[in-house]
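**Student:** For reference, the chains in residue letters:
Protein chains: 2
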Amino acid sequence: MTLRTPYLLFIGDAPDQLAAKTAAGIAYWRPDISKGQMRLPGCRADLGIPDMTIEEAAKAGVKTVIVGTTNRGGVLGEGWEKLLVEAIELGMDLASGLHHKLAEIPALRNAAARHGRQIADVRHPTREFAVGNGIKRAGKRLLTVGTDCSIGKMYTALALEREMRSRGIKADFRATGQTGIFIAGDGVSIDAVVSDFVSGAVEWLCPEHDADHWDLVEGQGSLFHASYAGVTLGLIHGAQPDALVVCHEPTRPHMRGLPGYKLPDLKTCIARNIEAAQLTNPAVRCVGLSINTSGLDAAAAQDYLRRTEDELVLPCVDPVRVGVGAIVDRLAAD
Amino acid sequence: MTLRTPYLLFIGDAPDQLAAKTAAGIAYWRPDISKGQMRLPGCRADLGIPDMTIEEAAKAGVKTVIVGTTNRGGVLGEGWEKLLVEAIELGMDLASGLHHKLAEIPALRNAAARHGRQIADVRHPTREFAVGNGIKRAGKRLLTVGTDCSIGKMYTALALEREMRSRGIKADFRATGQTGIFIAGDGVSIDAVVSDFVSGAVEWLCPEHDADHWDLVEGQGSLFHASYAGVTLGLIHGAQPDALVVCHEPTRPHMRGLPGYKLPDLKTCIARNIEAAQLTNPAVRCVGLSINTSGLDAAAAQDYLRRTEDELVLPCVDPVRVGVGAIVDRLAAD
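Note that the protein sequences, when read in sequence, are chains E and W.
Position in the first sequence counted from 1, then plus 702, gives you the working numbering.
Position in the second sequence counted from 1, then plus 702, gives you the working numbering.
Calculated directly from the structure, the hints in this document are not laboratory data.
Do not rely on the hints blindly, as some may be mistaken.
Here are the simulated lysine-lysine pairs, DSSO-like style, with alpha carbons at most 30 Å apart [claimed, not checked]: (1) E:838 x W:964; (2) W:803 x W:838; (3) E:838 x W:969; (4) E:723 x E:964; (5) W:838 x E:969; (6) E:842 x W:964.
Please put together the full structure from these sequences, using the hints given.
**Tutor:** And the structure:
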């Protein structure tokens, strides 16, 4: 499933900025393909890009309307269906990250069939994958892993892509979650794949490539998350990474959604991820840490990064505050 | 999905005993519910139980016809459909372990609807599961793990159930694969669950129980298998095991289906499985090894078991040759 660009980012009546975080991620990482936002009365989020109606978007050359808002229950708000049918009638595709499939709403499905348009429910894989084969493949791969879920793995992979491309290094972000898929224009929502085929799906996602090309694979979950560690392990094995970057947030009190579970310490986290990744690539190494220090003031953040760097003898950066240049230096130095 | 018993084991024209191994497992572990076998011309397998026609099975009180043969492509052989429709018309349910769903064959689906009968495609989960929550639950659980796939994890769990029950210990086998599901009459085909929900599905499969009750959970895959390790890890975390039994086959040249991958040594295998299981149960311990020594002669087998036992200081048995009594002794001693 490849999404046609540019996009109109539909954020409905998102009650706050967080409810529109998928769309905000797209607008931040792909301003070039984010033509406009569409907001409905009551919306309290703002992506900082032009407001457009469905008609204006069609005139501006938009090819896909992204339903990029999360609402409780994941269903469409009142009146949204009519707007999305209008988008289809004006020649645009739809793409959604909602749990409930847009393609299963009769009015949308019928309109899409009538007008030959695509509805991409990116949370739901549309193809079958083979079982992973573990065969060594050419090209280089970096995977972001983490102490927990929602801790900066997508952001870090995208920041690495930007930094590496700016230095003339061949690099492509590979998306494994819904926001990443909208940003990349394709990918696999890996946690929605049947468990037997997770590593095979990742092998498909980042196949053999030129020897000097880097795939920057978006990590998911954490080996230390009691709900999702299996997804993470299949992803590690399928990615066959040459390099790992460990993501962390130092002020988080417990694993996301699991009050009884503490985050692992960084040394253990690095060791376990390396141990797991060695199965399909014995030469894997950790090349740095990406820390979300937004919970610390500037001085505390700087202190944390410096101490961690000294302790682990690895580049340790906040991708927002200081960028990922030091990690790319390390990669390039090897 | 609970299967009604007793069964007729339909093995079609299975070209050899291996092609009927699912049915053979049912007949071996559940002779009490395996009323008969049905074989077609050309069948070269024999389960050692009475041959019956569909009609005879119905008269004998059979409640479910198990399509327990695997054929290339997983489709039904010629003429099978007619026989299975007849079974439905005579009041029996169908259950299948084939990849292709029986319930999607119109003639079978329609017959089942007409007669109010059930078609259970046990490879395909029919319910939704919650995400794993990792909350500590009462009751005891033992999980079989292994150096590789297809290495005795189901057999060992069933042998433990038989031995423990014979000693008056409350114990239930919990099935995670198709053959196990036929044997137990219910369960979850865990490798067919969407990856996000694997640990949650296992939490559902072996829920809270009496403090002195053991669930004997059938393991799947291996932490060391590049294709399936993610399934295994989710299963470990969801099972929250108090005890692990490690299964192994000492003459296997490489990981099943992966010629480039060697089996891990037993010490490493134990350590990694314990390490993984400690996330949801810090008190987990390995209580023994279950070795398939069928590739060794009697003297070599005895020697292997003795040496391994000395080296690892754990009960080390072949469940077929010597039984699992020593492992249950160890469990009971703690």
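**Student:** Compare the structure with the hints numbered earlier in the document and write down the numbers of the violated ones, lowest to highest.
**Tutor:** Of the numbered hints, just 2 does not hold.
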